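S.K.: Each protein sequence line maps, in turn, to chains A and B. 1 is the number of the first residue of the first sequence in full-length UniProt numbering; add one for each residue after it. 1 is the number of the first residue of the second sequence in full-length UniProt numbering; add one for each residue after it.
If you're looking for bench data, these hints aren't it; they were derived computationally from the structure. Just so it is clear, the structure is predicted and the values come from calculations on it, not from any experiment. Quick reminder that beta carbons are idealized off the backbone N, C-alpha and C, glycines included. Treat the hints with care, since some could be wrong.
Covered by chain B, per the in silico footprint, the following chain A stretches (three or more residues, Cβ under 8 Å) [stated by the list, open to error]:
hint: 1; segment: 20–33
hint: 2; segment: 122–136
hint: 3; segment: 522–534
hint: 4; segment: 538–548
Facing chain A, a subset of chain B residues (Cβ under 7 Å, in silico) [claimed, not checked]:
hint: 5; residue: F42
hint: 6; residue: D46
hint: 7; residue: G47
hint: 8; residue: A56
hint: 9; residue: E57
hint: 10; residue: P76
hint: 11; residue: I167
hint: 12; residue: R208
hint: 13; residue: P214
hint: 14; residue: R217
hint: 15; residue: P281
hint: 16; residue: Q452
hint: 17; residue: F539
hint: 18; residue: Y541
hint: 19; residue: Y544
Computed cross-link-like contacts, DSSO-like style, restricted to lysine-lysine with a CA-CA straight-line distance of at most 30 Å [said to hold, decoys possible]:
hint: 20; chain 1: A; residue 1: K264; chain 2: B; residue 2: K552
hint: 21; chain 1: A; residue 1: K552; chain 2: B; residue 2: K552
hint: 22; chain 1: B; residue 1: K497; chain 2: B; residue 2: K538
hint: 23; chain 1: A; residue 1: K402; chain 2: B; residue 2: K22
hint: 24; chain 1: A; residue 1: K264; chain 2: A; residue 2: K12
hint: 25; chain 1: A; residue 1: K105; chain 2: B; residue 2: K538
There are 2 protein chains.
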Amino acid sequence: MLGCWLARTGVKTRIIDKRASKITRGHADGVQCRTIEIFQSFGIADGLRREGNELAEVVFYNPDKEGKLVLTSRIPDTDPHTSRFRHVVLTQGRIEDFLIACMDKEGLRVERSVVPISFEYEPDQPITVKLAHLPKTEEYIDPSSGLYRSNVVTTDSENLDIKDARIEEIKAKYVVGCDGAKSWTRQQLGFSLEGDSANIYWGVLDARPITDLPDIRVKVVLHSADAGSLLIVPRERNLVRFYIQMGTLQPGEKLDPRAQSSEKIIESARRILAPYTLECPEVEWWSVYEIGQRICRDVSFDNRVFLTGDAFHTHSPKAGQGMNISMADSYNLGWKLAAVSKGLASPSILDTYGQERIQVARELIEFDHKFSRLFSGKPAVTAESEGISIEEFQALWVKMGKWNSGTAVRYGPSLIVAEAGEAKTRMARNVVIGQHFESQVVVCYADAHAVQLADRLVSDGRWRLIVFAGNMTNPVQLARFTSLCDTLSSSPSSPIKKYTPAQADINSVFEVIALTSSPRLALPYTALPALVRPLVGKFGYPTYDQIYSDEKSVHDGGGEAYKWYGVDKEGEGCVVLVRPDQYVADVLAFEGCVEKLGMFFDRFMLPPS
Amino acid sequence: MLGCWLARTGVKTRIIDKRASKITRGHADGVQCRTIEIFQSFGIADGLRREGNELAEVVFYNPDKEGKLVLTSRIPDTDPHTSRFRHVVLTQGRIEDFLIACMDKEGLRVERSVVPISFEYEPDQPITVKLAHLPKTEEYIDPSSGLYRSNVVTTDSENLDIKDARIEEIKAKYVVGCDGAKSWTRQQLGFSLEGDSANIYWGVLDARPITDLPDIRVKVVLHSADAGSLLIVPRERNLVRFYIQMGTLQPGEKLDPRAQSSEKIIESARRILAPYTLECPEVEWWSVYEIGQRICRDVSFDNRVFLTGDAFHTHSPKAGQGMNISMADSYNLGWKLAAVSKGLASPSILDTYGQERIQVARELIEFDHKFSRLFSGKPAVTAESEGISIEEFQALWVKMGKWNSGTAVRYGPSLIVAEAGEAKTRMARNVVIGQHFESQVVVCYADAHAVQLADRLVSDGRWRLIVFAGNMTNPVQLARFTSLCDTLSSSPSSPIKKYTPAQADINSVFEVIALTSSPRLALPYTALPALVRPLVGKFGYPTYDQIYSDEKSVHDGGGEAYKWYGVDKEGEGCVVLVRPDQYVADVLAFEGCVEKLGMFFDRFMLPPS
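All chains should be built: construct the whole structure from the sequences, respecting the hints.
M.R.: Structure (structure tokens):
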């Protein structure tokens, strides 16, 4: 994910991986809505939808008073209005493939069998990292077992023999450890993960099951009376991911990896599922993990070294958050690192990485702590009996739906997120400063296409001004919008003027996207300001994708955007400032907009050299 | 297209192409709805939607009484309800890539620089074809000019020197000439194209234009007062395809290819478009063609040699029919040839290729004759003045929309299409025997997915029985459906019993898909007949994708299917028999269904050997 950003923004990057090959089976598989939105912004969401299995429903099974499993509730997996996308599941290996292909287009590849062996840091100097390029080995690792990467194996069990390795010294401006729970980078910084263990262990299994449980192609959350809990996640290629409660440990007790097997996991599943049957003639992958939550207090050092993902937070996998939040960490960091590396922004914006992502990680840990204990708890069969409340568990599940989808994240005020306020809320009631800009269907003036507005927020490093231009058949409003565009294009205090290189296209650093409340054919296309239909490129081709109308399309809906965003169709309009990662940085009135934008960007943008 | 069918059905096939490389620029670009449906059935429609430009609107410009160009009408390009897909445009080279990749998955490739040089036919013997494998040449052909393939060049201008070629003799059971208007295969059969020329020539140009015409990203149909007509088709990658009327020829006069150029075409376009301006700094491709319509009376010889596409019908390109109808020819032929080659069906079904496709080609020629003359005609400025009627032209355009989309094709009764009739129409009022089975959103019992029902009609050679099972909460109707399934699975007269090999999965020749009018949760999944949830494959995995409900899904519509197809939700249901190419072969009542199916298939199916 970080590589995608850096490759697309042209930052010289190397990615090293100590492993000889990428993941092909198992591991993470849930792709949350916000992650699909991010993939879409890189143009790589199609594969998720094509190959992944969309989860439509969640079904809860619980013991009745006699202890017999019964279906107690059935709900949609993704609540409508969560996102234009829905939760899908697909093996991590394919998800990595999409990211790898995305980087590869720009010429960036993962260098495998390369291990970092030393790290030297001096302020204001390049960071020196020594790398060992391991000789190619043909060592066989059973691809169906994920144990060697799980948290029940505390040391790296692989034989990373650097004796015959070629040693290389590299000088780096920045180092980012996306290197997992046992992060080498974290160790160099002397940071550590802090937290506790629940002393409970679960098995995980990818298989094609033969079962008489009718609900096997929807998500099933199942608490048995006495045999533990189980989560069923139907996957691509008729696979099913099972999470299966296995047992408890004494405080301090370590699980013996050699005693684990897929057969033992299937046996536990059968006990939990009884009287339903289960056969798994083909097991694609399995592993065992202990439940625990750990977090690192710091995620960056001197704004030169950063940690993302499991290197700074680990937890249990059942809510499908690990891969998603880890990718979101890197997505948050990527564009900032690119802007600073390329001299467009001051290093101070890198402070916001930790500010924004530690808060998310803390929420994750807190949620997972509660969630995993309820999941592993023995259900109370009646309100009076001991055990966890099924009602409480199901209520938590529903409540956490939006958070789990990744679309509820809200970043606090910072150098790159303005303070919210009453006046701003009045202009766009449902546009939340600090949250990502949500999508609505709008219609393109030039080609009459119905477009998801957020699809225009491509991850290319540009900031965007989404101008709710209002009713263009009102001459006063058209004049106000024209005047705003004129000032944005020509005022010396306009950030567009100040931070766009003189020879570059006017939309190359900031892109202005207009959304009118009036229909697209209400006035001639050329009556709209030149700023939103600029001439670009070597030949000066007109731009046709910056002007949209909030009208109903022939085929694909639309006409609800102003209402959805909470902007008055006949009002004075407003400007929504959107960061390169689609988060709303500010909402501004037309009047004073250019000066306020100027002040906002003057805090961290650097003029073109 | 033919290769896709043959590769996917496992027929040993060779594809030869005399050209050294595939098309990269220009040529056809319109992909009609029915073609996208076909691509979808091969699992390769995604690329069309991802890379192609969907056309949303058609705008008509015509001269007013003073001869000034004015916008006279604006209509949607694809009428709602035409298909679940919409008309897109994309360069032919990419469309070929998708087909090539689809074949390649099965190991079938196009052999290039291979020319057929002799053809020997004896009844009941293999056909002997000699091939010349040309040495690789580095001859430069200007990729931006398409003249050498156009109909203004009457002989093949390429230098196909077979002197140094390696000669190979192959023995073929079947030969299909998909070899264009100058078809070598057709010449071997002694067949010829018959028809006439309009003595009018047009230019065609792919360019990125700079113009002040505001409607350049929608389709524009433009008749000027005196300078001729023009068609604008906005394409992928900001390209625009222009068709530009150039001039007339004397009867018998031939155009001099050497006198043609992109500059001359752009000059003509400027005259037609005036007073709007046009600059084309980058021309990707151009060509010139004469308007004419020609058709071959026969398309097959002894059911051993066949002609498809331009080898049997040529016409003008502006309605975007050539590539689409040509692919539809091959799509019609492919599954039949596969079934006969594999010994599943008698060769008599091959007669239906000509029966079905000659009719379509005749309609095409007739339509194009009328359409191209109206397009090239000088518009009458008033009702009284001379010239073609703009109203007549626009009315024809709208009327032909459904036909152009490829979704209106209806095959007549034949060995593989039953006679229609009042009683059949009553059972499913909007299911037309001989037309392709249209799509509606239905909900899958097992996973709650909203599914386009036609997406289940994958091109894999299987026949399908779509059973409108009715209301499963009505015990009488459930019993009738169960009885139908029992008879289908076990009666000796059932074609499923007779024509499915004993060791094969029960859904491998005929797939039964049930659509209930009752909701999916109205009765337990396992209460439905085993025929629609069979155990398949080596391990006997349950099938979860053969039972659907006509209910509303949470996210994606649905609940309108019975109404759309015209089947009574509370009635006795019916069975729609669908061919491997999605065309409806018959509509049957439950009672007598198995016997009638038996008689239908006994006419041409062969029992497994």
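S.K.: Which numbered conditions among the earlier hints are violated in the structure presented, ordered from lowest to highest?
M.R.: The structure breaks hints 1, 2, 5, 7, 11, 16, 20, 23, 24, 25; every other hint is satisfied.
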